[in-house]
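Peer 1: If you want the building blocks of each chain, they are given just below.
Protein chains: 2
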Amino acid sequence: MNTERFLNQPSAWLPVDPDDNVTISSRVRLARNRKDAAFPGWAGEDECERIWEELREVLMHCATLKGPMAVGMAELSPLDKQLLFERHLISREQADRKKGSGVVLREDEAVAVMVNEEDHLRLQSMRRGLDIVKAWDVANELDSEIEKKVDYAFSTQIGYLTACPSNVGTGMRASVMLHVPGLVLMNEISAVVKGMAKIGLAVRGLWGEGSEATGNMFQVSNQMTLGEREEDIVANLEQIVLEIVEHEKNARLRLFEQRENVIRDHAGRAMGILSHAHVLTSKECLDLLSDLRLGVDMGIVQLQGPEVVNDLLILTQPGHLQKLEGRRLKAEERDVARALLVRSRLNRALKKSDKKNHE
Amino acid sequence: MNTERFLNQPSAWLPVDPDDNVTISSRVRLARNRKDAAFPGWAGEDECERIWEELREVLMHCATLKGPMAVGMAELSPLDKQLLFERHLISREQADRKKGSGVVLREDEAVAVMVNEEDHLRLQSMRRGLDIVKAWDVANELDSEIEKKVDYAFSTQIGYLTACPSNVGTGMRASVMLHVPGLVLMNEISAVVKGMAKIGLAVRGLWGEGSEATGNMFQVSNQMTLGEREEDIVANLEQIVLEIVEHEKNARLRLFEQRENVIRDHAGRAMGILSHAHVLTSKECLDLLSDLRLGVDMGIVQLQGPEVVNDLLILTQPGHLQKLEGRRLKAEERDVARALLVRSRLNRALKKSDKKNHE
Chain X
2 MNTERFLNQP SAWLPVDPDD NVTISSRVRL ARNRKDAAFP GWAGEDECER IWEELREVLM
62 HCATLKGPMA VGMAELSPLD KQLLFERHLI SREQADRKKG SGVVLREDEA VAVMVNEEDH
122 LRLQSMRRGL DIVKAWDVAN ELDSEIEKKV DYAFSTQIGY LTACPSNVGT GMRASVMLHV
182 PGLVLMNEIS AVVKGMAKIG LAVRGLWGEG SEATGNMFQV SNQMTLGERE EDIVANLEQI
242 VLEIVEHEKN ARLRLFEQRE NVIRDHAGRA MGILSHAHVL TSKECLDLLS DLRLGVDMGI
302 VQLQGPEVVN DLLILTQPGH LQKLEGRRLK AEERDVARAL LVRSRLNRAL KKSDKKNHE
Chain A
2 MNTERFLNQP SAWLPVDPDD NVTISSRVRL ARNRKDAAFP GWAGEDECER IWEELREVLM
62 HCATLKGPMA VGMAELSPLD KQLLFERHLI SREQADRKKG SGVVLREDEA VAVMVNEEDH
122 LRLQSMRRGL DIVKAWDVAN ELDSEIEKKV DYAFSTQIGY LTACPSNVGT GMRASVMLHV
182 PGLVLMNEIS AVVKGMAKIG LAVRGLWGEG SEATGNMFQV SNQMTLGERE EDIVANLEQI
242 VLEIVEHEKN ARLRLFEQRE NVIRDHAGRA MGILSHAHVL TSKECLDLLS DLRLGVDMGI
302 VQLQGPEVVN DLLILTQPGH LQKLEGRRLK AEERDVARAL LVRSRLNRAL KKSDKKNHE
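These protein sequences, in sequence, are chains X and A.
Here the numbering used here runs 1 ahead of the position in the first sequence, where the first position is 1.
Here the numbering used here runs 1 ahead of the position in the second sequence, where the first position is 1.
Hints may be right or wrong, so weigh each one.
[Said to hold, decoys possible] Below, a sample of chain X positions facing chain A; criterion: calculated Cβ distance under 7 Å: (1) Val185; (2) Asn188; (3) Asn262; (4) Ile274; (5) Ala278; (6) Ala338; (7) Leu342.
[What the hints assert, rightly or not] The calculated label-pair distances, taken between Cβ atoms and stated as ranges, are: (8) Ser283(A) with Ser191(X): 26 to 36 Å; (9) Arg260(A) with Tyr153(X): 38 to 48 Å; (10) Glu229(A) with Ala332(X): 47 to 57 Å; (11) Lys199(A) with Gly300(X): 57 to 67 Å; (12) Gln224(A) with Glu326(X): 50 to 60 Å; (13) Lys199(A) with Ser191(X): 51 to 61 Å; (14) Asn188(A) with Arg93(X): 38 to 48 Å; (15) Ala332(X) with Arg349(A): 37 to 47 Å; (16) Gln305(A) with Ala236(X): 55 to 65 Å; (17) Ser191(X) with Arg349(A): 50 to 60 Å; (18) Arg93(A) with Ser191(X): 39 to 49 Å; (19) Gly300(X) with Gly300(A): 34 to 44 Å; (20) Glu261(A) with Ser145(X): 32 to 42 Å.
No wet-lab data here; the hints were simulated from the structure.
The beta-carbon is built from N, C-alpha and C at its ideal position, and this holds for glycine as well.
Using the sequences provided together with the hints, build the complete structure.
Peer 2: Structure follows, in structure tokens:
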């Protein structure tokens with residue numbers, strides 16, 4: 002697979018909708034397994050390889066995966082694996098695998114199927130913004146296509162069988178990524194997180210389970226996979242997300258009313274540091290890009306082409322950065338390369354809108 | 002006294018010499034007292050007032066104080082006192098006084114005489130850069146002029162008598178203000194400070210005794226006033242300062258060789274924050290201006306008119322800021338006004354040299 006193409010392609014999980022700048026992306030993931038075959042964690046390498054080849058063939062002929070690309074983990078360099086991981090196309094766990102595991106992607110990256118990660122099949126459907134129903138439709142369509150050719154491990158009593166009991170039933174995890182700096186700055190995020198937990202939703206960081214909420218980005222997803230209909234899970238999640246979006250918009254308004262200088266200072270400093278620093282760690286960069294995005298969203302910072310913030314969110318990650326440079330970089334080298342990339346892209350975007358920012 | 006004039010006048014203690022950007026200013030202060038009169042701390046208000054009037058008359062006719070301006074502490078508003086203090090023309094202690102205490106200034110602020118501070122007379126002579134000999138010459142000249150008209154309290158055995166024993170003898174304190182970010186960044190400053198103490202020199206912060214070394218500015222001065230000739234004190238101090246300047250230049254070179262990215266990052270961030278922040282405390286502002294000055298000194302940051310850094314060092318102080326705004330400001334209001342002032346001045350200075358900084 003030629004992974005260079007990704008460098009010029011906006012990632013499927015980044016928003017373009019100027020009306021909703023809180024919801025970043027929606028995602029539905031379905032865990033499925035082939036009947037009469039050991040789960041990947043129990044199967045031997047040969048069996049895994051056989052299953053990967055068989056399922057790859059099936060997937061390459063699914064209409065839902067138009068323009069499909071398939072690649073085995075064994076064929077990917079560590080850097081390319083990192084790149085796919087950073088684009089949310091494969092998981093950290095799958096990146097650690099080699100022979101007998103692979104991924105099939107739709108050309109636009111909006112649909113990806115991991116084969117022999119924890120389960121035989123992990124179908125993922127991603128959409129920009131709050132579009133969880135459509136994400137489910139696409140996943141469902143692909144699921145039906147596959148089901149025509151593959152016998153799934155399924156119990157009429159409990160539903161789809163999966164390697165981990167927490168996925169048994171629908172095998173579905175629906176999640177929405179949110180950018181909520183307003184709730185964080187107003188110290189209201191922990192109340193929201195607690196509220197989510199009470200109604201059975203999980204709140205995680207940018208990289209899913211166990212990850213920190215860097216850059217004020219949170220992922221809200223269903224915990225339950227058993228005893229609920231997929232349509233209900235999706236509708237319920239959408240409803241809750243709409244409420245969080247309202248909370249966030251409200252927090253931003255109050256923030257501006259009560260602490261205008263603080264919020265202008267926040268966004269201004271982010272712009273100042275990002276456009277002038279010569280050393281930037283990944284974490285600081287994400288946090289500052291979050292502050293900058295808030296400034297852009299609130300009309301405080303003017304950028305010629307605000308999508309530069311999205312581009313940078315993706316391109317400043319270690320894998321993308323090294324791919325851009327065309328070589329492996331040590332951590333300190335990455336921090337310097339990251340700062341250079343951010344500086345030049347932001348200053349280009351600032352050029353034409355310079356006057357407005359400095360008034 | 003119309004203190005508005007100060008707002009457009011560069012302060013006498015700020016450097017203009019592009020060849021020596023380490024030494025900021027040189028200062029000689031002489032403590033003198035009138036014979037047969039109680040020290041100001043012991044004298045009553047009436048006696049103080051009489052002495053202030055008498056000495057003011059003498060000072061107004063000294064040729065060394067060309068274009069003299071005299072003002073009593075009682076006539077000054079708290080804000081104007083703050084302004085004079087920030088320009089190093091009066092001390093914090095004198096600012097607390099009212100009737101019977103005053104100051105006489107030379108038009109260009111390079112010579113100032115405090116009357117009835119701790120002593121009857123405190124003659125101060127200030128020069129830009131390393132010019133301690135000349136500062137001493139001017140102070141000495143003024144001293145001789147005064148001595149023709151005023152009987153000094155003087156003992157042939159120990160020299161000039163002063164209110165505080167630590168000044169007895171020459172009554173002289175010679176000091177040099179240095180900007181040494183290189184030594185600070187290379188963690189060599191504490192060794193230098195210890196070395197100074199060993200040879201009888203004191204190292205203090207920007208505002209003299211008991212003040213912190215904000216903005217990487219240190220003031221080196223003689224401790225001894227007894228048993229040494231003035232010329233020797235001055236020559237000795239000058240020699241030591243020359244050595245510190247060499248140390249600092251050396252530290253900057255090594256810094257650039259060993260940690261170019263760090264130093265570029267430092268200066269870049271300072272510029273980025275100063276030109277974009279909307280809230281700036283006095284302390285942060287001083288520290289960032291120090292980083293920026295280092296960047297300008299090292300040719301890393303290009304400014305159209307680098308004297309803007311000096312101007313801002315002075316103008317961002319609380320008194321100057323309020324004077325510029327024409328009214329008293331609360332601390333939070335000052336932080337906002339300070340950020341606005343810095344932002345607009347720096348962006349003006351950046352305009353023409355923008356391209357170079359962003360390469």
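Peer 1: Now, for every hint given, state plainly whether the structure supports it.
Peer 2: Structure-based check of each hint:
no.	hint	result
1	Val185	violated, 18 Å
2	Asn188	violated, 19 Å
3	Asn262	holds, 5 Å
4	Ile274	holds, 5 Å
5	Ala278	holds, 5 Å
6	Ala338	violated, 11 Å
7	Leu342	violated, 13 Å
8	Ser283(A) with Ser191(X): 26 to 36 Å	holds, 34 Å
9	Arg260(A) with Tyr153(X): 38 to 48 Å	violated, 59 Å
10	Glu229(A) with Ala332(X): 47 to 57 Å	holds, 55 Å
11	Lys199(A) with Gly300(X): 57 to 67 Å	holds, 59 Å
12	Gln224(A) with Glu326(X): 50 to 60 Å	holds, 56 Å
13	Lys199(A) with Ser191(X): 51 to 61 Å	holds, 54 Å
14	Asn188(A) with Arg93(X): 38 to 48 Å	holds, 39 Å
15	Ala332(X) with Arg349(A): 37 to 47 Å	holds, 38 Å
16	Gln305(A) with Ala236(X): 55 to 65 Å	holds, 60 Å
17	Ser191(X) with Arg349(A): 50 to 60 Å	violated, 43 Å
18	Arg93(A) with Ser191(X): 39 to 49 Å	holds, 45 Å
19	Gly300(X) with Gly300(A): 34 to 44 Å	holds, 37 Å
20	Glu261(A) with Ser145(X): 32 to 42 Å	violated, 59 Å
The structure shown violates the earlier hints numbered 1, 2, 6, 7, 9, 17, 20.
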